[in-house]
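Engineer: Line order of the protein sequences matches chains Y and S.
When you line the first sequence up against my numbering, it's residues 1 to 211, in that order.
When you line the second sequence up against my numbering, it's residues 1 to 554, in that order.
Hints listed in this document are in silico derivations from the structure and should not be mistaken for laboratory results.
Errors might be hidden in some of the hints.
[Stated by the list, open to error] A few chain S residues that face chain Y, going by a derived Cβ cut-off under 10 Å, partial list only:
1. R190
2. V239
3. P241
4. P244
5. V245
6. D422
7. G426
8. I429
9. Q432
10. R433
11. I435
12. L440
13. C456
All C-beta atoms in this analysis are idealised placements derived from N, C-alpha and C, irrespective of residue type, glycine included.
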Amino acid sequence: MDLETIKQRVIEGDAKGTAALAQQALDEGMPAQSILNDALIPSMGVVGELFEKNEYFVPELLLAARAMYAALDLLRPHLQAGDFEAAGKAVVGTVQGDLHDIGKKLVVIMLEGNGFEVVDLGNDVPPERFVEAVKENGSQLVGLSALLTTALPAMEKTVRAIREYDPSGKVKVIVGGAPVTQAFADSIGADGFGRDATAAVTLARRLLGDA
Amino acid sequence: MPDPQPERPVRVKLEGIGLEIEVKPGVSFFEAVRKAGLAIDSDCVGKGTCGQCRVRFLEGVPPPKAEDEALLASQDVKNGWRLACQSYPTAACRILIPQTAPLAGRRIRVLEAAAGEELSRAPRRPTGVGYGVAIDVGTTTVVCYLMDLSQALQVGVASFANPQTAFGPDVISRITYAHRGARELRELQRRLIVAVERSLLALCSERKIAPDAVSAMTVVGNMTMMHLFRGVDPWPLGVAPYEPVFRESPPLTGHELGFRRFADVRVQVLPGVAGHLGSDIVAGVVALDLPHRRGVSLFMDLGTNGEVVLCSERVVAGASCAAGPAFEGVHIHSGMAAFPGAIERVDEEEGTLRLDTIDGVEPVGLCGSGLADAVVLLLRRGLLLPSGRLVAPDQVPPDVPADLRTRVQEDGEGRRFLIHKDGERGDIILMQRDIREVQLAKAPMRAGVEMLLKECKLAAEEIEGVYVAGAFGSSIRSETLLALGIVPESVRGRIHAVGNTAGLGARLALTSPKHMKEAGRLARSMRHVELVLREDFRQSFAENIPFPPPREHD
């Protein structure tokens, strides 16, 4: 099985095709690890680039993600612990008071597509829930999202709660969403601001020292 | 380093708005415009960090600052673009503001044809003595109607831009400002009441009516406007689960609200439904008498916020969609509000573009309807794929006329379509990312319609009439609504622009107890569908981001 073909199917957003090819590759004895590392993850990298160039938009990104997850579901039972070293462990959620999560979902997809292990806390997430999740999962990265200006105070509170739990600043906090700017991110002491889902990935990599 | 400051104020001409302002020494252009009652888009509110407040100097260009160089493209800086918040004009100049939230001088479009017809059906028996006023408080525009109560007759109308616009163009920014403290909340209420009072006094004086003769007032608006009119902190509307503090208001006196010359007037704020579905929507449905019409009807209010109501004989359900501000010209490269000079129509004529501007003057930018027209034209010509991707210059279909072909361009910043070439003021262009903004603005509206159909267990084919209200709704063509996919193809031929139905409902409630009662009944019985809580809304939103494929014979 040609890994390049699998990669192409993901980029085209062909979930059925991707799953069929991934299954065929497994049947032919290809290690699940190489399908993941040499086809799925690079394909989402390409999707990210297309998104950044404005060639792909939300629907194409969602379709590609669906294709990636379809294959990933087949691979999971074959992946051993240690087969796969995550690029990092992240917790992502929309902050308290905000129920909008389409933008956050894109960030989760792009992080997972780039090899991060992500816990998605959903939306309207209170600060203490973020802290608990960091504790439980040993996450090095927290991603906070907000669509409404009215949710910005909650974003600030959440950053504060994480800093109180981890005064050393080992846990990196990145923020994003329509009303968020670099200036706001700086003012609340976040470690970084991402304009969109692909920017979030670049930022996450840089902050976790894997540029 | 501070600028060398002039001793006297300098005069600055605002191109396209037809307004000249005075800027005092040491005052930034950004502040000066705000003081003049206009607002410039800015996330950082004048700190020089967000880069949104870019304006173009057509004459008297000041030297660029470090902030200009950092946040603007070097080509733009060369062409006279500067950050308004970093510009301290020192000599007379002429400036173009691409995106303003207007407070003054805005051409306000209120279609009255449908209104007159509907009003004639209202009972003509006297409902009171003296005069009454109906106020439609829009996020952007406020309209005041003066009515002779003894004849249910309209004697005057006045409209002005909502003075709260200086604190933000949309309801969320007003909610944020109002929540800062009691002073800010009161300031928002005060500005609105003072402006309404001033407008009413002018109307009375024009019609030679003593202010004392005004005895009753009805008020409609979206939920946030209802709260701010009464001076109630609307914060709960801004955070999950987005519910209002009140839905129904007790009768008030003008005095309680801060009116001076209208202190004894009885004021009734009409009831809203829930969430962001306010009394403007209730009034609209009452005005069109939708629950009593045969068959299924769809009511859409396309303004700064989009609201949709689906109505059949057995059920009325409504939803509010955060539609995004693209159709107000915000976040669009060459976008602008509906000022004179805004391109409001784009058509293809003899192989080239025909542009119609408001007041027929030289084009300055694109307002919502022009933006929508341009997108539809590109779709039809195959220059824009249904996915929302502009084609590359070398992929233009062979049947596209030469002039249109040359307008398809691409450079390092991406693909674009040239709408209007203007060496002096700068080209008016449609960028790839502008089209993405349009997609994000139109998808939630259609998804809202789909959710209501689902909630009411109705099919799109069952909709017998679509009634489109609101400022943008009145200027957009029904063909455009179909081509963008805002409404389903099955309603073709059944779309009606109905103008300002909120104002109409407010007048009906003022002059007829029957309609006032109907508004109360409807507000209590309408089912509110909260879209953001639904997983299927998110899915429908994503599905509706692409445009429908263009029709063969178009």
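Engineer: Holds or violated: the hint that D422/S contacts chain Y, with Cβ atoms closer than 10 Å.
Structural biologist: 25 Å, violated
Engineer: Against chain Y, run the beta carbon of V239/S and see if the smallest gap drops under 10 Å.
Structural biologist: 3 Å, holds
Engineer: Have a go at the I435/S hint: is there a Cβ in chain Y nearer than 10 Å to its own Cβ?
Structural biologist: 9 Å, holds
Engineer: Tell me if the interface restraint on G426/S is satisfied: Cβ within less than 10 Å of some Cβ in chain Y.
Structural biologist: 22 Å, violated
Engineer: For the hint on V245/S, does the least C-beta distance to chain Y fall short of 10 Å?
Structural biologist: V245/S check fails; min Cβ-Cβ to chain Y is 14 Å, beyond 10 Å.
Engineer: With a cut-off of 10 Å on the beta carbons, see whether Q432/S makes it to chain Y.
Structural biologist: Result: holds, 5 Å to nearest chain Y Cβ.
Engineer: With 10 Å as the cut and Cβ atoms as the points, is C456/S at the interface with chain Y?
Structural biologist: 23 Å, violated
Engineer: I429/S was flagged as interface toward chain Y. Is the shortest Cβ-Cβ separation under 10 Å?
Structural biologist: 15 Å, violated
Engineer: Given P241/S as an interface hint, is the shortest Cβ-Cβ distance to chain Y below 10 Å?
Structural biologist: Holds, about 7 Å.
Engineer: Do the numbers back the hint for R433/S, that is, is its least Cβ distance to chain Y under 10 Å?
Structural biologist: 6 Å, holds
Engineer: Just to be careful: measuring from the Cβ of L440/S to every Cβ in chain Y, is the smallest value less than 10 Å?
Structural biologist: 8 Å, holds
Engineer: How about R190/S: closest beta carbon in chain Y under 10 Å, or not?
Structural biologist: 22 Å, violated
Going down the numbered hints, you'll see the structure goes against 1, 4, 5, 6, 7, 8 and 13, while the others check out.
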